[in-house]
Amino acid sequence: MKILNFGSLNIDNTYAVEHFVQPGETMTARELKRFCGGKGLNQSISLAYAGADVCHFGCVGSDGDMLIDMLNACGVNTDAVKRLSNFPSGHAIIQVDKNGQNSIMLFSGANRQIKPEWIDAELEKYESGDWLLIQNETNCLEHAMRAAYAKGMKIAFNPSPMDETALSLPLELVKLFLINEVEGATVTGKQAPGEIIAELKRRFPNASVLLTLGKKGSIFKNSHNSIFQPSYLGTVKDTTGAGDTYTGYFLANYINGMPPHECMQIATMASTIQISRDGAAAAIPTKAEVLKALKDF
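Numbering-wise (the working numbering), the sequence shown opens with residue 1 and increments by one.
To be clear, the hints were calculated from the coordinates, so they are not data collected in a lab. Please read all numbers here as calculations on a predicted model, not as lab measurements. For every residue, glycine included, the Cβ atom is placed at its ideal position computed from N, Cα and C. Among the clues, some could well be false.
For each label pair, taking beta carbons as the anchor points, the in silico distance ranges come out as [as the list claims (entries may be wrong)]: (1) Glu262 with Asp53: 18 to 24 Å; (2) Lys215 with His261: 30 to 36 Å; (3) Ile227 with Gly24: 29 to 35 Å; (4) Glu117 with Tyr232: 25 to 31 Å; (5) Glu117 with Asn256: 28 to 34 Å; (6) Glu181 with Glu117: 35 to 41 Å; (7) Asp278 with Asn225: 33 to 39 Å; (8) Asn256 with Pro170: 24 to 30 Å; (9) Gly189 with Glu127: 35 to 41 Å; (10) Leu291 with Gly217: 43 to 49 Å; (11) Asp69 with Lys215: 29 to 35 Å.
Pairs of lysine-lysine residues, derived as BS3-like cross-links and limited to a Cα-Cα distance of at most 25 Å, are as follows [as the list claims (entries may be wrong)]: (12) Lys237 with Lys295; (13) Lys2 with Lys287; (14) Lys151 with Lys2; (15) Lys215 with Lys125; (16) Lys98 with Lys2; (17) Lys215 with Lys237; (18) Lys2 with Lys33; (19) Lys190 with Lys216; (20) Lys33 with Lys237; (21) Lys115 with Lys98; (22) Lys287 with Lys216; (23) Lys154 with Lys175; (24) Lys98 with Lys215; (25) Lys2 with Lys125; (26) Lys115 with Lys215; (27) Lys237 with Lys190; (28) Lys98 with Lys237; (29) Lys175 with Lys151; (30) Lys2 with Lys82; (31) Lys216 with Lys237; (32) Lys98 with Lys33; (33) Lys190 with Lys82; (34) Lys175 with Lys201; (35) Lys190 with Lys2; (36) Lys151 with Lys82; (37) Lys115 with Lys216; (38) Lys151 with Lys125; (39) Lys82 with Lys115; (40) Lys82 with Lys98.
Sequences are here, hints too, so could you generate the full structure?
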């Protein structure tokens, strides 16, 4: 079973700061590091490390060699990554404070230059039962969802960053929602985790829901199970990419038939390791690291 991840590719400029910059304030950062990032790239690498057969579909500019090189090095198929000469790659300005929390500003760049015909051509390589994973950092999402659904593919949706575009998509086509508390509250108008999940299941009864709660853990709900997974305690250095790490590890195991509670355990440990390191994609642990950590836990 294959996964096509239709997602963003960004160059992350990460600044270490005492606190997030306030309006009217000028601040000197302690450090600058450049990483490969984007929710799409992070999730593709997490999927590949977890053992999935994943191809990344996306777009970079003439400055995007480092992004493609990293995907290839991590075992992600990049045959579907387009290169544009007239747009820069997407990039992010990330502030990481002394507590490891982050604040992110994105510039989409080449990520939002996708053409529908590129999607149609790529989907010819996929069959009924394969998966399409999407986030909300690229254009042509509705076209991709409808075309994939028409082929019998299953759609996993991580609606991040949350905005009006995400709310206007044909969400009834989604098979699996991978969503955090803030995103869930925006979609449903509810605040409590239980109410968010109940409302999502009411609106989309054929979908399963994975709700991540940060340090409080995560909840999975389908027609048969309601499972809570607590977080694992560990060092917090940088939370950038934690949700993407969780998404990739959960989905890779879930589509291969692993019981949801085991998928959650593995994904939780993967994200625990990831936030103990600097960066997003560069901090994602390998499957061997995750399994060893679970064994030693």
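Okay, the hints, checked on the actual structure:
| no. | hint | verdict |
| --- | --- | --- |
| 1 | Glu262 with Asp53: 18 to 24 Å | 20 Å, holds |
| 2 | Lys215 with His261: 30 to 36 Å | 19 Å, violated |
| 3 | Ile227 with Gly24: 29 to 35 Å | 46 Å, violated |
| 4 | Glu117 with Tyr232: 25 to 31 Å | 45 Å, violated |
| 5 | Glu117 with Asn256: 28 to 34 Å | 31 Å, holds |
| 6 | Glu181 with Glu117: 35 to 41 Å | 37 Å, holds |
| 7 | Asp278 with Asn225: 33 to 39 Å | 36 Å, holds |
| 8 | Asn256 with Pro170: 24 to 30 Å | 26 Å, holds |
| 9 | Gly189 with Glu127: 35 to 41 Å | 37 Å, holds |
| 10 | Leu291 with Gly217: 43 to 49 Å | 20 Å, violated |
| 11 | Asp69 with Lys215: 29 to 35 Å | 34 Å, holds |
| 12 | Lys237 with Lys295 | 23 Å, holds |
| 13 | Lys2 with Lys287 | 18 Å, holds |
| 14 | Lys151 with Lys2 | 14 Å, holds |
| 15 | Lys215 with Lys125 | 39 Å, violated |
| 16 | Lys98 with Lys2 | 40 Å, violated |
| 17 | Lys215 with Lys237 | 14 Å, holds |
| 18 | Lys2 with Lys33 | 33 Å, violated |
| 19 | Lys190 with Lys216 | 18 Å, holds |
| 20 | Lys33 with Lys237 | 14 Å, holds |
| 21 | Lys115 with Lys98 | 41 Å, violated |
| 22 | Lys287 with Lys216 | 23 Å, holds |
| 23 | Lys154 with Lys175 | 6 Å, holds |
| 24 | Lys98 with Lys215 | 17 Å, holds |
| 25 | Lys2 with Lys125 | 10 Å, holds |
| 26 | Lys115 with Lys215 | 38 Å, violated |
| 27 | Lys237 with Lys190 | 31 Å, violated |
| 28 | Lys98 with Lys237 | 8 Å, holds |
| 29 | Lys175 with Lys151 | 14 Å, holds |
| 30 | Lys2 with Lys82 | 20 Å, holds |
| 31 | Lys216 with Lys237 | 17 Å, holds |
| 32 | Lys98 with Lys33 | 15 Å, holds |
| 33 | Lys190 with Lys82 | 39 Å, violated |
| 34 | Lys175 with Lys201 | 11 Å, holds |
| 35 | Lys190 with Lys2 | 34 Å, violated |
| 36 | Lys151 with Lys82 | 23 Å, holds |
| 37 | Lys115 with Lys216 | 40 Å, violated |
| 38 | Lys151 with Lys125 | 11 Å, holds |
| 39 | Lys82 with Lys115 | 10 Å, holds |
| 40 | Lys82 with Lys98 | 37 Å, violated |
The structure fails hints 2, 3, 4, 10, 15, 16, 18, 21, 26, 27, 33, 35, 37, 40 (numbered hints given earlier, in ascending order).
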